Amino acid sequence: MPRLFVLDVPEFAPLLRDADKAYRIVRAHGYAAIAANDEIVIERNASGLGDAVWYGALTGGYEGRIAEFSADRLRIAGA
Amino acid sequence: MSDTPALHGVHHTAFPTWKPKSTVRFYRDILGLKVRHAITAKGWGQDNHPDFLHFFFDAGNGSMIAFFYYVGTEPRPELTGPRGYVGMARHTAWTARTETELNAWRARLEQHGVAVSEEIQHETIRSIYFRDPNGYPLEITLQTRPLDAADVRDAELTIDAMCETFGDHETKATIEDMWRRKGDKVGAVMEGAR
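Those sequence lines, one after another, are chains A and B.
When you line the first sequence up against our numbering, it's residues 1 to 79, in that order.
When you line the second sequence up against our numbering, it's residues 80 to 273, in that order.
Check before you lean on any hint, since a few could be wrong.
[As the list claims (entries may be wrong)] Derived, one-sided and incomplete: chain A residues facing chain B with beta-carbon distance under 7 Å:
| hint | residue |
| --- | --- |
| 1 | F5 |
| 2 | Y31 |
| 3 | V53 |
| 4 | L58 |
| 5 | G60 |
Don't read these hints as lab results, they were simulated from the structure.
Note that the structure is a prediction, hence the values are computed from the model and not measured.
All residues carry an ideal CB built from backbone N, CA and C; glycine is no exception.
Isolated chain B, as found in the complex:
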């Protein structure tokens, strides 16, 4: 049996855009990300594949954020402008390494007229949120403490409790059901039984 192959971080994520000029202005000129690569193509042979441009910006640490502009296609607002908490779930979060850096990002974004959220302190990260001109939700976050073995074990227990409680969308199950199941698991850990 072969070993599980490894992944080595994000190479790129890609999104459709119908505002290529505004997208370049935002990522290259406001965020200051360097252009790394750009592809242009006369479709891909099939009738239903539009002509397109595919361009990449450097998001640091070897990763890129990329966009597709499909020439002559109708914008798809349901893809580019997610609204509400559930819509915001699909987002991109980049790393700031220091508090100074996080503050500098806020200042730079606000100087360029980008609306930035209040800083949110989560369990182990502190974040600011904003949107790009397409409406894509973005986050810049600072890890405020490293995750250790206790965090990992706790996450595994939570995920086990989640799968046992909700399966693949058991709509009658509640988060209270899941928390009680998690409590059983943690109780067993504390008694040394797990």
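For reference, chain A alone in the conformation it holds in the complex:
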């Protein structure tokens, strides 16, 4: 089960808002964890992130493996 950890701060709020539509999000101690049964897919356009923040979107760390991380899409699959 992949998890993506995101620091719960304003610059990542658009990503979390978008992820909230499709995934379970747990918030605790200043972080948000996005969890999926099979894959987490974040679309760049829908996430509303600019270049610098998009390419830094994994700074909070993750569990699983990166199946895709392009200019348009981030996919994290189970390990």
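Since chain A is already given, all that's left is putting chain B on it; use the hints.
Relative to chain A, chain B alone:
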């Protein structure tokens, strides 16, 4: 055991130049920084120490940017004109306090023919980039939100993960290795274990 001594911000940073006239024109006349101090010296006694001038401009808030001009020496382009992202890593970033100020800097630089980058929104700062006549990369940046305790703790976790993953340049390690290790640490924080 004595307390750790404190630092109080940048007094000055210093760079070599082989274009003293263009440097003065850029920093004093285009950026409008006031000249604060200038030193001239007949070497420093040793044969291999060239005669030099050392001059300082006011960069605000008590800090200065300074240059050395070593008379009669060969220019060292590898020092003054870093290229590419890795070369640009060593740069100077000054603070703008408002969006209006950041915009005014762009306008002023462009009026004087300085090529200015697109504005880049980073995580917590927004920046413009340009170069001085020596080729030194410069940045003017606006902090778009204050850093708080959560940012600090997150940075500490990242730095711990970095040191554990890369040591001092473990070339087989990847950023994915580091992100997974960071994920373990953040997972522990979220469970209240750290």
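Hints and how they fare:
The beta carbon of F5 (chain A) is positioned within 7 Å of a beta carbon in chain B (closest approach about 4 Å), and the interface hint is therefore held. For Y31 (chain A), the interface hint holds, since its Cβ comes within 7 Å of a Cβ in chain B; the closest pair sits about 5 Å apart. For V53 (chain A), the shortest C-beta to C-beta distance to chain B is roughly 6 Å, which falls under 7 Å, so the interface hint holds. The interface hint given for L58 (chain A) is met, as the beta carbon of that residue sits about 5 Å from the closest beta carbon of chain B, less than 7 Å.
Interface restraint check: G60 (chain A) against chain B, minimum CB-CB distance 6 Å, threshold 7 Å, status holds.
Taken one by one, the earlier hints all hold for this structure without exception.
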